[in-house]
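Asks: Below are the chains, spelled out letter by letter.
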Amino acid sequence: MHAIIRVAAATFHEAWRKRFLNVILIFAVLIIAFSWSLAYLQPGAELKLLIDIGLGTIRFFGMLIAIFLGVRLISDEIDKRTIHTILTKPVTRAQFLLGKFFGSLATVFCNLALMGIAFYVVFLIKAPGFLSSMSSSEATGPGFSTDFIYANIAKAIFLTFVEMTVVTALAVMASTLFSWIMAATFSFFIYFVGQMADFFKTLASPARGTGFTGQIVFNTIYGILPHFEVFDMREAILKGTYVGWDVLSKHLGLGLIYATVIMLISFLAFMNREV
Amino acid sequence: MKRQRGVQVIGWVLVVALIAGLQPLNNSVEYDRIVLGMKTPTPLTRMVDFDPTAITGVIMGAALGGFQGIAASMMWMKMEELWDSGHGTWLACLNVMRTVTLLDPHWLEPWKILGWHLAYNLYVETKDPALQAEYLRKGLDALKEGVSWNPNTYELYFELAWTYFDKVRDYEEATKWFAAAIQFPHPEFIERMIAHSYERMPDLDRALDWYDYCLKRNPNDRTARGAITTIRLRYLPAWRLMEEGKYDEAIKRIDQYLEVEPNSLIALHVKAHIYEEAGKDREAFDTWRLAARLSAMDHQARRKTNALAAKLGIQLTPQEQAPSYLLQQEGQRLQVPAHGR
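Residue numbers (the numbering used here), protein chains in the order written: chain A, 1 to 275; chain F, 276 to 616.
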């Protein structure tokens with residue numbers, strides 16, 4: 001356990017020294033800070049667009065940070081040959097991998113928290129103005145409700161963190177299998193295809209005239225792909241739906257199982273890898 | 276080595292077991308998301324046409340994540356640019372509009388413009404009745420899809436109802452969608468639209484009920500007051516006679532008005548309705564046919580003409596035949612209470 005914590009702490013500190021991650025974070029915070037000015041692109045639905053841009057930025061840049069951090073974790077150690085030094089110490093491969101994963105996860109968490117705070121500040125300043133100048137439905141779009149809005153935004157950021165846990169695990173897995181450029185490409189591809197997991201379910205539907213083999217193929221893809229879209233709860237925020245902790249805990253459970261499966265595959269791949 | 280292989284086997288078995296175990300949880304999360312409205316309401320509709328625009332829209336949506344709203348706004352500006360650049364760009368505009376609705380389905384403006392563009396602009400761009408019917412169907416379908424994304428506001432219900440009222444002239448469908456619109460905060464003229472629909476259908480008792488409601492709500496509603504006077508003077512005497520079973524007298528009465536105003540479509544609709552009530556299908560057919568000939572846009576008359584022609588075994592000219600979309604079956608129609616109050 002101590003070995004995992006030590007590797008994680010080293011990964012965390014090292015991550016904050018990476019300049020490109022700092023640039024991504026600063027850029028994301030700037031976009032969030034000025035998101036209110038873009039909200040005027042949709043007159044009559046400013047608050048909706050503010051939420052869209054704010055949460056979208058957190059998700060998008062969180063994904064960039066998770067992938068770019070994760071894909072270089074193992075390959076950098078191999079390229080610099082520092083992995084030999086680490087693995088000759090009493091650190092097993094599993095401990096090394098988990099330490100790397102938790103270290104980058106802590107970094108992603110801190111980045112998301114900073115972006116989340118920035119968004120909350122912008123929202124607290126701008127949202128009352130958008131609401132007071134117009135009626136609720138005009139300011140936000142149709143069927144919009146401001147019920148539970150502050151709690152729902154916090155929950156949306158929490159779900160983004162769960163989603164990024166899966167993305168980080170995915171990037172770590174890719175890092176154990178490929179060079180970092182290949183790993184980044186693979187991670188982006190799986191992330192974007194995972195956003196459209198429902199598409200494969202639709203393709204597998206017999207009502208579409210899909211043959212038996214097609215059904216098996218598409219259902220398998222649907223079953224294996226991480227369903228990243230389930231971590232997006234902007235619809236609930238727009239509708240003012242109360243999202244209970246029981247529902248959130250299911251999402252959390254789903255994210256943790258995805259991450260466990262992916263990390264298990266990483267471990268199995270890393271076990272056999274020549275370093 | 277043997278131990279390592281054992282770990283590998285156990286590891287992969289565990290991976291497969293966990294993926295299998297994921298599925299019930301996945302289904303449960305999907306269920307929660309549908310119940311709580313966290314899931315986009317029409318994932319199938321988005322894909323059902325399978326046209327390149329839909330695919331592009333969905334892929335773009337997935338790639339853009341939270342920036343869909345901005346992308347939609349930018350594309351809308353592009354669409355306006357295309358629109359202003361001239362007549363030949365209407366189909367290109369259509370694709371951009373569709374993509375915008377896929378990117379930001381809660382933005383009402385693109386749905387309204389898309390429905391109007393299909394049902395009105397592109398409809399008149401072609402002389403081919405089959406293509407016209409196709410555009411009309413697509414316009415109505417677009418508005419229905421818009422309603423499914425935005426069910427808690429009156430606006431798209433109204434747009435849909437208006438298209439049925441003004442373009443399709445299917446007053447039965449129009450009253451149902453107007454009735455759906457008034458379930459949400461709405462401008463006061465929509466109740467008057469329900470009355471107008473009943474007047475044209477014709478169902479004069481219900482039309483009077485609704486005009487009466489409008490007048491009680493706002494005694495200064497001069498449109499409702501005028502409509503009540505018009506109905507009472509022009510059509511109601513014939514209608515009452517019809518209700519009493521005095522069909523010949525009813526026809527005589529409505530003919531008196533038709534001598535003054537021979538092109539009055541409402542009067543012709545009332546007359547045709549009286550014939551239908553009297554069981555005189557041939558006369559009803561002739562009256563509906565006359566109304567259809569007087570106004571090419573009177574789709575209600577065209578639909579009735581077609582229905583009666585089929586019943587009576589009369590061959591219609593190609594011009595008189597209603598597009599297939601106007602001949603939809605009752606079972607396909609919206610089933611909501613017609614009378615909202």
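One or more of the hints may lead you astray.
[As the list claims (entries may be wrong)] Calculated Cβ distances over 12 Å to all of chain F for the following chain A residues:
1. 114
2. 159
3. 181
4. 185
5. 197
6. 234
[Stated by the list, open to error] Only pairs whose alpha carbons sit at most 16 Å apart, straight line, appear in this in silico EDC-like list of lysine to aspartate or glutamate:
7. A:201 / A:229
8. F:387 / F:305
9. A:250 / F:305
10. A:80 / A:274
11. F:555 / F:595
12. A:201 / F:305
13. A:239 / F:523
14. A:250 / F:558
15. F:586 / F:558
16. F:402 / F:558
Worth flagging that the hints you see were computed from the coordinates, not collected in a lab.
Where a beta carbon is used, it is the ideal one built from N, C-alpha and C, also for glycine.
Asks: With reference to the structure, classify each hint as holding or not holding.
Replies: Status of the hints after comparison with the structure:
Under the 12 Å C-beta cut-off, the non-interface status given to residue 114 of chain A relative to chain F holds; the minimum distance is some 17 Å. Listed as a non-interface residue, residue 159 of chain A fails to keep its Cβ farther than 12 Å from every Cβ of chain F; the least gap is roughly 10 Å. With a minimum CB-CB distance of about 19 Å to chain F, residue 181 of chain A clears the 12 Å threshold, and the non-interface call stands. For residue 185 of chain A, the condition that its CB be more than 12 Å from all CB atoms of chain F holds, with the nearest at approximately 14 Å.
Here residue 197 of chain A does not stay apart from chain F, with its beta-carbon only about 9 Å from theirs, under the 12 Å limit. A beta-carbon of chain F comes within 12 Å of the beta-carbon of residue 234 of chain A; the shortest separation is about 8 Å. Taking the CA atoms of residue 201 of chain A and residue 229 of chain A, the gap is about 13 Å. The hint holds against a cut of 16 Å. Of the supplied pair hints, the one linking residue 387 of chain F and residue 305 of chain F is violated, its CA atoms being roughly 30 Å apart against a limit of 16 Å.
Restraint check for residue 250 of chain A and residue 305 of chain F: the C-alpha separation of about 10 Å stays at or below 16 Å, so the hint holds. A hinted pair counts as satisfied when its Cα atoms are at most 16 Å apart, and residue 80 of chain A with residue 274 of chain A qualifies at roughly 15 Å. With a C-alpha separation of about 21 Å, the suggested pair residue 555 of chain F and residue 595 of chain F falls outside the 16 Å cut-off, and the hint is violated. Of the pairs offered as hints, the one joining residue 201 of chain A and residue 305 of chain F holds, with about 12 Å between alpha carbons and a cut-off of 16 Å not exceeded.
Of the pairs offered as hints, the one joining residue 239 of chain A and residue 523 of chain F is violated, with about 57 Å between alpha carbons and a cut-off of 16 Å exceeded. Distance restraint check for residue 250 of chain A and residue 558 of chain F: the Cα-Cα separation of roughly 66 Å exceeds the 16 Å cut-off, and the hinted pair is therefore not satisfied. At roughly 13 Å between alpha-carbon atoms, residue 586 of chain F and residue 558 of chain F fall within 16 Å of each other, so this suggested pair holds. For the suggested pair residue 402 of chain F and residue 558 of chain F, the alpha carbons sit about 30 Å apart, so the restraint of at most 16 Å is broken.
In summary, the numbered hints that this structure violates are 2, 5, 6, 8, 11, 13, 14, 16.
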